[in-house]
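Colleague: Given these sequences and hints, build the entire structure.
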Amino acid sequence: MWMGQYDLKGLLGLFIQSVFVQNILLFNFLGMCSYLACSNKMKTANGLGIAVTLVITVGGVLNWGVHNFVTGAGALSWAGLAGVNLSFLELIIFISVIAGFVQVLEIAIEKFSPPLYAALGVYLPLITVNCAILGACLFATVREYAFFPNLIYLFGAGLGWWLAIVLMAAIREKLAYSNIPHGLRGMGIAFIMTGLIAMTFMALTGINLDVSGKKPPVPMILNSGTEQNP
Amino acid sequence: MDKQPSLKNYLFDPLWKNNQILVAILGICSALAVTVTMQVALTMALSVTFVTAFSSFFVSLIRKQTPDSVRMIAQLAIISLFVITVDQLLRAYLFDMSKTLSVFVGLIITNCIVMGRAESMAKNVPPIPAFLDGLGAGLGYGSILLLVGAFREIFGFGTFFDMRIIPENWYATFTHPDRYVNIGLMPLAPAAFFLLGLFVWINNLLTKRD
Numbered sequence: 001m002w003m004g005q006y007d008l009k010g011l012l013g014l015f016i017q018s019v020f021v022q023n024i025l026l027f028n029f030l031g032m033c034s035y036l037a038c039s040n041k042m043k044t045a046n047g048l049g050i051a052v053t054l055v056i057t058v059g060g061v062l063n064w065g066v067h068n069f070v071t072g073a074g075a076l077s078w079a080g081l082a083g084v085n086l087s088f089l090e091l092i093i094f095i096s097v098i099a100g101f102v103q104v105l106e107i108a109i110e111k112f113s114p115p116l117y118a119a120l121g122v123y124l125p126l127i128t129v130n131c132a133i134l135g136a137c138l139f140a141t142v143r144e145y146a147f148f149p150n151l152i153y154l155f156g157a158g159l160g161w162w163l164a165i166v167l168m169a170a171i172r173e174k175l176a177y178s179n180i181p182h183g184l185r186g187m188g189i190a191f192i193m194t195g196l197i198a199m200t201f202m203a204l205t206g207i208n209l210d211v212s213g214k215k216p217p218v219p220m221i222l223n224s225g226t227e228q229n230p
Numbered sequence: 001m002d003k004q005p006s007l008k009n010y011l012f013d014p015l016w017k018n019n020q021i022l023v024a025i026l027g028i029c030s031a032l033a034v035t036v037t038m039q040v041a042l043t044m045a046l047s048v049t050f051v052t053a054f055s056s057f058f059v060s061l062i063r064k065q066t067p068d069s070v071r072m073i074a075q076l077a078i079i080s081l082f083v084i085t086v087d088q089l090l091r092a093y094l095f096d097m098s099k100t101l102s103v104f105v106g107l108i109i110t111n112c113i114v115m116g117r118a119e120s121m122a123k124n125v126p127p128i129p130a131f132l133d134g135l136g137a138g139l140g141y142g143s144i145l146l147l148v149g150a151f152r153e154i155f156g157f158g159t160f161f162d163m164r165i166i167p168e169n170w171y172a173t174f175t176h177p178d179r180y181v182n183i184g185l186m187p188l189a190p191a192a193f194f195l196l197g198l199f200v201w202i203n204n205l206l207t208k209r210d
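Sequences listed follow chains A and B, in order. According to the numbering used here, the first sequence is numbered sequentially starting from 1. According to the numbering used here, the second sequence is numbered sequentially starting from 1.
By construction, these hints were calculated from the structure, which means they are not laboratory data. All C-beta atoms, glycine included, are put in the ideal place defined by N, C-alpha and C. Hints may be right or wrong, so weigh each one.
Residues from chain A shown here face chain B by an in silico Cβ test under 7 Å; the list is partial [stated by the list, open to error]:
#1 Met-32
#2 Cys-33
#3 Ile-92
#4 Leu-126
#5 Val-129
#6 Cys-131
#7 Ile-180
#8 Gly-183
#9 Leu-184
#10 Phe-191
#11 Thr-194
#12 Gly-195
To spell it out: a stretch of chain B is covered by chain A in this simulated footprint if at least three of its residues, at any positions, have a beta carbon under 8 Å from a beta carbon of chain A; those stretches are [what the hints assert, rightly or not]:
#13 27 to 41
#14 49 to 60
#15 70 to 76
#16 94 to 107
#17 122 to 136
Modeller: In structure tokens:
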């Protein structure tokens, strides 16, 4: 329930794994739209990174509760409804939880910390449709993490996203002074730069710090490259 | 848009000229993640087209009744409805495929294309044009998906829809190490970025847009 198959060292491994090795943006391609749209300025990128990390962690923990006590197979047994499986409602509940949490967070920040609101406020509505958030929640659900591994995984995923967007913003600020072929300017070069960053992160591929004893069911599509390649 | 566009324009405009991936840079996440092979790309393309077309239609249908303050939530609910339909259909009839796509079917909800079409088009126009616009956007997205998928599968695995394109006897062996080898980068993440970057470049050159 709380630790699952992980000990403390395993949690540290999981954390490093989710920040660097399986970076949610560069390895799983999630949260790409806001990453490309908001990485022009360092300040914007930083604000968005903080907001995403916050929402991904708290929203993910809430969704963990939803999965374990409401929608998972047999999750309603505490209410005497062990035979009921609401997993088909999972998607719509997850996205509602995220949207609702973002809304509440926006109101709370506006009330309690106006300077923080001034810095983060504009990015919060954007986050509802950031696929990194929903994606991380769904990955955590598919892998059936217990509470703390789930928390660590999501926090790591958020930090990884933040790291990636800050890296990209730093490069794009420098790129403004470069002489790039005309049609490639803007998005074209942003894609190619992201590809290069992803290549450097690929150097970490194959390191497995997720030492829970059980191999997480990584979707086939994500590791097909390393296994099917003749 | 200056003049009143015809129905045909609604369908064809987002296919190439306003292609959502290449021009608006939306829906990138899934475009990169599900293009390793053609079959996966095709399934994803069809799913997204279905969701975009029908959610645009229904968002447009209730556009006069929806208050502005709950617009986003209402749109998300409609979109989730169709995504759940697709998800359940895939699980029922194409179980292996739904295992391969795993979370990416669910992520159609947050695919910016669906939301973007609902926001920028469906809430302003009648249902039929909205449906055609959604269909066009979905097909435009799908065509890029298939294009990237084709490059990655042919050069990465030497196959196309699991049919062998590059003959086995062209491949390098221990005795003939100087023959053809698959490009190992192609199935991996960075290749998708490079390909998409190139397509954006080509699109910019062809349409002479800055």
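Colleague: Against each hint, give a clear statement of whether it holds in the structure.
Modeller: Here is what the structure says about each hint:
no.	hint	result
1	Met-32	holds (4 Å)
2	Cys-33	holds (4 Å)
3	Ile-92	holds (4 Å)
4	Leu-126	violated (10 Å)
5	Val-129	holds (5 Å)
6	Cys-131	holds (4 Å)
7	Ile-180	violated (10 Å)
8	Gly-183	holds (4 Å)
9	Leu-184	holds (5 Å)
10	Phe-191	holds (3 Å)
11	Thr-194	holds (5 Å)
12	Gly-195	holds (3 Å)
13	27 to 41	holds (count 10)
14	49 to 60	violated (count 0)
15	70 to 76	holds (count 3)
16	94 to 107	holds (count 8)
17	122 to 136	violated (count 0)
The structure does not agree with the numbered hints 4, 7, 14, 17 stated previously, though it agrees with the rest.
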